[in-house]
Each structure stands twice: as structure tokens, then as C-alpha cells.
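Student: Residue-level listing of the chains:
Number of protein chains: 2
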Amino acid sequence: MKIGIYGYGNLGRGVEYALRQNEDMELFGIFTRRNPETVKPVFESTKVYSAADITKYKENIDVLILCGGSATDLPEMTPALARDFNVIDSFDTHADIPKHFAAVDAAAKDGKNIAVISVGWDPGMFSLNRLYANAILPDGKDYTFWGKGVSQGHSDAIRRIEGVADARQYTCPVESALESVRNGENPELTTREKHTRLCYVVAKEGADKAKIEQEIKTMPKYFSDYDTTVNFITQEELDKNHTGIPHGGFVIRTGKTGENNSSSHVIEYSLKLDSNPEFTASVLVAYARAAYRMHMRGDVGCKTVFDIAPADLSIKSHEQIIAEML
Amino acid sequence: MKIGIYGYGNLGRGVEYALRQNEDMELFGIFTRRNPETVKPVFESTKVYSAADITKYKENIDVLILCGGSATDLPEMTPALARDFNVIDSFDTHADIPKHFAAVDAAAKDGKNIAVISVGWDPGMFSLNRLYANAILPDGKDYTFWGKGVSQGHSDAIRRIEGVADARQYTCPVESALESVRNGENPELTTREKHTRLCYVVAKEGADKAKIEQEIKTMPKYFSDYDTTVNFITQEELDKNHTGIPHGGFVIRTGKTGENNSSSHVIEYSLKLDSNPEFTASVLVAYARAAYRMHMRGDVGCKTVFDIAPADLSIKSHEQIIAEML
Numbered sequence: 001m002k003i004g005i006y007g008y009g010n011l012g013r014g015v016e017y018a019l020r021q022n023e024d025m026e027l028f029g030i031f032t033r034r035n036p037e038t039v040k041p042v043f044e045s046t047k048v049y050s051a052a053d054i055t056k057y058k059e060n061i062d063v064l065i066l067c068g069g070s071a072t073d074l075p076e077m078t079p080a081l082a083r084d085f086n087v088i089d090s091f092d093t094h095a096d097i098p099k100h101f102a103a104v105d106a107a108a109k110d111g112k113n114i115a116v117i118s119v120g121w122d123p124g125m126f127s128l129n130r131l132y133a134n135a136i137l138p139d140g141k142d143y144t145f146w147g148k149g150v151s152q153g154h155s156d157a158i159r160r161i162e163g164v165a166d167a168r169q170y171t172c173p174v175e176s177a178l179e180s181v182r183n184g185e186n187p188e189l190t191t192r193e194k195h196t197r198l199c200y201v202v203a204k205e206g207a208d209k210a211k212i213e214q215e216i217k218t219m220p221k222y223f224s225d226y227d228t229t230v231n232f233i234t235q236e237e238l239d240k241n242h243t244g245i246p247h248g249g250f251v252i253r254t255g256k257t258g259e260n261n262s263s264s265h266v267i268e269y270s271l272k273l274d275s276n277p278e279f280t281a282s283v284l285v286a287y288a289r290a291a292y293r294m295h296m297r298g299d300v301g302c303k304t305v306f307d308i309a310p311a312d313l314s315i316k317s318h319e320q321i322i323a324e325m326l
Numbered sequence: 327m328k329i330g331i332y333g334y335g336n337l338g339r340g341v342e343y344a345l346r347q348n349e350d351m352e353l354f355g356i357f358t359r360r361n362p363e364t365v366k367p368v369f370e371s372t373k374v375y376s377a378a379d380i381t382k383y384k385e386n387i388d389v390l391i392l393c394g395g396s397a398t399d400l401p402e403m404t405p406a407l408a409r410d411f412n413v414i415d416s417f418d419t420h421a422d423i424p425k426h427f428a429a430v431d432a433a434a435k436d437g438k439n440i441a442v443i444s445v446g447w448d449p450g451m452f453s454l455n456r457l458y459a460n461a462i463l464p465d466g467k468d469y470t471f472w473g474k475g476v477s478q479g480h481s482d483a484i485r486r487i488e489g490v491a492d493a494r495q496y497t498c499p500v501e502s503a504l505e506s507v508r509n510g511e512n513p514e515l516t517t518r519e520k521h522t523r524l525c526y527v528v529a530k531e532g533a534d535k536a537k538i539e540q541e542i543k544t545m546p547k548y549f550s551d552y553d554t555t556v557n558f559i560t561q562e563e564l565d566k567n568h569t570g571i572p573h574g575g576f577v578i579r580t581g582k583t584g585e586n587n588s589s590s591h592v593i594e595y596s597l598k599l600d601s602n603p604e605f606t607a608s609v610l611v612a613y614a615r616a617a618y619r620m621h622m623r624g625d626v627g628c629k630t631v632f633d634i635a636p637a638d639l640s641i642k643s644h645e646q647i648i649a650e651m652l
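Here the protein sequences line up with chains H and S, keeping their order.
The numbering of the first sequence is our numbering, which starts it at 1 and goes up by one.
The numbering of the second sequence is our numbering, which starts it at 327 and goes up by one.
Excised from the complex, chain H in its bound form (with noise of 0.2 Å):
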């Protein structure tokens, strides 16, 4: 099947390598708002067009991945593209899915297309797995801990303050209340008690690092919720160390069943991601398998990976993922 990539960014150049793992799929070209020219695209072999042409290719592209922005790339973008192909985002904004939901299924079944919304990890992997454990466990207690992992929004937050450089912002995931989860406690935790936020930050020369300090800690919303450390490093330091955008997390539900709900289970489904945009461009890709699968057999609409049956995902036939993988 042949793959399109709109937008290039961290995550266009994650499904450019992600389509290299997968010999049924081959890379039509990556289509950028930009000026094609000034776009370096990671092959050399791999074709740049302009994102103004993209209907052109109607013909020649099975499935488009969607790699703009959930703030305001894929809210106009998703439904606009997905009347003439069958695409796959990765929208992320929690509270805001119902209605972008709607606005693609109602583009992708005018456009007889599949439109697949909400991929990557959470929103995706970790949806899935609430869904599931909720669905076996209807007694129980869901908890998600995210990290060790970069957050940009945070990141980005810090970089604001006069007077920082540069920063980088880790949400971590307190130990001690993990263990309590996994244990069966059953604890109610406060966003404090959650996760930590580690902050590595450049101050421009002769700054008020206390001030600095003192404004992210007390920052609402970003910051004055948690527990905040704050580290300041040389930029040669950042550069060295924390170029990486690891990601991570976990979803956990703990139940109980049986005699007098006496025994309890704990369900417990992790990442630990050295890329945040790769693994999500690589669960984009598998979910492009679907879609084209999904279209081939007269589908239409909008889906969510809660509708997709896990077998349309693998590469391998049905009789090969029943004699090998069940």
C-alpha cells in the first residue's frame, strides 16, 4: 500500500523510518505546508511535494498519516483531507475528541473514506488498555502515571520566563504511589502525589535564578500542583544530555471478583519510549495497515482504535497470527 505523509515535523520524519519496518507499505511522499525544496527529508530517495497539490495525488495514495499539530493543524486538517483520502491522525486534546469525531465521520463518509482519529499512545495504546481492563475488571480502579518523559507544553512553559535560555521539563511518576497502585491499596492520590516535575534550565547570563525558580514553582496550572525540582545547567550540559524526547507512562486497573469480591487483580500495561514521536508514528503505521484494510472491504467513517480489530494491524495472515501469536 502506498503511504502519504502530510506535515513533517518530528513525527513526519518518525513515520518516514517507521514505513522502512514495513514491506507492505511503501512512502508515496511527504507533502509540507513549507516550501518543498527546503525540506530535507531523512532518504534521500524520498519525493517532497507541496502540500497545496495534495489532491492530485488522489489516486496515488492509499492511506495519508496526518503528522500537523492537535492545537490547530488536525481539527481543520483531519476533516478537510479525510473527503478525499483515508487518513490517520494522532489528535491528542482529551476533551475535544467527541467533537472532532464528528466532523471527520461526517467528511469520511462523504468521501466513502476511512478516517482513523486519536492514534499513538495516549490517546491509543493506553485507551485501549482502560478499555480493555474495564471491560474484564467492571469492579475496579483505574490509574495512569506518565513518565519518566519530556513534556513539551511544559518545556516550552519554562522558556517563556524572562530570563531562561533554554529548558527541559521531565514528568516523573512517584515511585512509592505506583507501588501502593500495584499493590491492590486502592490509594486516592492527589495530582501531587502523582508525579514530580524535574526542570533543567538554562538561565541567561546574570539572571535571577531564585526568581526563575520561584516563577515556575508557582506557576498554576504548569507547576504549583507538584512537587518541582529545579536543576540550572549549562546550555553545552542540555545539549549533551537532554536532546532525547523519551516518554513514558503507565496504565493500571486493579479489580476485585469472586466470594465476597475477595481476590484482586491487578492489570498492568507500560511503555518506556527513548522517542515519544517515533514509537507514536510507529503505532500511526500499524494503524494505516488497518485503514487500508478496513477501506478495501467497503468501510467507511470514522474510527478510533476502539474499533479496530487487532488482527488488521499485523502484517501476518490470519492463519499465521493464529498458529503463532494466540
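These are calculated hints, taken from the structure and not from any lab test.
There are no misleading hints in this set.
Footprint (simulated), chain S over chain H, 3 or more residues, beta carbon under 8 Å: (1) 84–98; (2) 122–129; (3) 266–276; (4) 295–307.
A virtual CB, placed ideally from N, CA and C, is assigned to each residue, including glycine.
Since the structure of chain H is already known, use the hints to place chain S on it.
Tutor: Just chain S, lined up with the frame of chain H:
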């Protein structure tokens, strides 16, 4: 929907409990091959019927949950009943699944029913996690560890040794091997390096304990490839501390992405279960819901966990799961 339980041991009892946790389901009754009058269900209101009469109730039962064993019961039972009922089983002889699938598929299609086979945690939830992780990280390595949990087969094997009155065997994952896998070291692990076997044995009066221990440790297939610990205890201790049927395990896939495969990722799914049969029963009940919905949509034939969209497992509406769980 109305559910029937066919076969009534630990698993059947687990289903009887689990149905009470799912308000969209109702237990029609238990079907037993024993004299129904000798079967005591956990809830007084539960009706017990003779398995011989099952076809009389064809119109009263939406899904029949088969709680027989994989060795001899299910290979006959599931195809036979799939002609008249939507059925679910927990067939767990991995090597024979393709053959079982084919037999059940023919019968279910013949009867225009849905049959879901090999539902539980392994096969079942572990299989699902192997498939998802393989689809996302094509360039990687799979690991499955079991335990700590009771193996009935190994416990039975010990009980057959001369001089043994009773026994309980626990399969335990080797913690250092788990850590190595989680650290992305991609170890090649022998059978001995992955699991140990821990045995609690009640010897008959006057029995030769050294000889029993030797016989256990050298038993081919069951114990000789493992580091095995044998503890002799009294029947009282066994009854007090080892009557539960806990189990669980870990499915881990490590994989690489990106430039020169330089990013490593670890996907881990784990279960810690106080009661193996009650948890398996809970998975069966969730898939009974999916079977019913697929049947109502006119779908027919044999399905596995790979073929069922997660949304079909949830008691919640599509709107709810998208708003609350994605």
C-alpha cells in the same frame, strides 16, 4: 442478554460470579453433565439443568460459555454446541488452536452462529498484547514470563509420585531475567534462565523424602530443565497457605526505531491474579458480550480475540467510551 454456563468447575463458578458484575447480562442457568441435583451453584437462585437437555433451551440462551477442559472436553464440545448456540471457550492448547479453529468455524457457519475460541489470559490477553506490540514494533523481540502462579499440571505430576500425599507447584519468573529484558538488553534466555519451580509437598507417613525430592527434580519435561526447590510441609500448612489459585505473568516486547535503529522501546503487559479461574471467567464474560453483538449484526463463524474490535467488549456506549476512555 441471557447467558448459559456449560460445565461447572472453578471456571464455571467464576463465570457465575462475574455475571453479577455485568448488569446487561443475566444467567439463564448452568448445564452440567453430572446429575443436576448434585450440583450446588454459588447463588441459590441459579438454576441447574442437565447438559443432555441443552438444545431444548436454544431459544432461551444468547451466548453459551463453555467451561470444560482443553484436553478432552472442548475439542468435542465447542464444535458440537456451535451449531446451535453462540459459544465462547477458553481452549488453551496453543499448538492445536488452528485445528480447533477450523472445526469450530465450520460448525458455527453451519449454524449461523458466532463462536469465540481461546479466550482468557494466555491465550487471550497475552496474545492480544503480543499482536499489538509486534504490529507497532516490527523490529523487536518478544518475551513471555509466567507467574508467580500455581500450575495444576505440575502439581498433579508431583502428586503422582509414590509417597506424595499432596502438592502445590508454583512457576516463578526469574527477576534478573525480567530486569535484563526491561533494560532492553535483548538477552537470549534458556528455559532455566526464565523460570524457577517452587514445590510444596506433603509426604505420606514414612515416605522417603530424599527420594521424592530427587524424583521431582529429575522429572523430564516438567522439572529437569528448571531450577527446582522442594519444600516439605504438613497437610495443615498446605491447606492454610496454598489453597489459592493465583497466577499471572508478563508479556514484553522490546524494539528499535529511528535513525540507525538508535531508539529503544519497551512495551510491557503484566497480570497479577489472585484467582486464575475467576480472572479467566471475567475475560470470557466480556467476550460473551462481543459475541452477542456480532451475532446481532449478522456476523457468523469462529473468532478469536484478534478478530474482535475492543469497543464490542464494553458495556458502555460508543459515545461514552470515546468521551471517557480514549
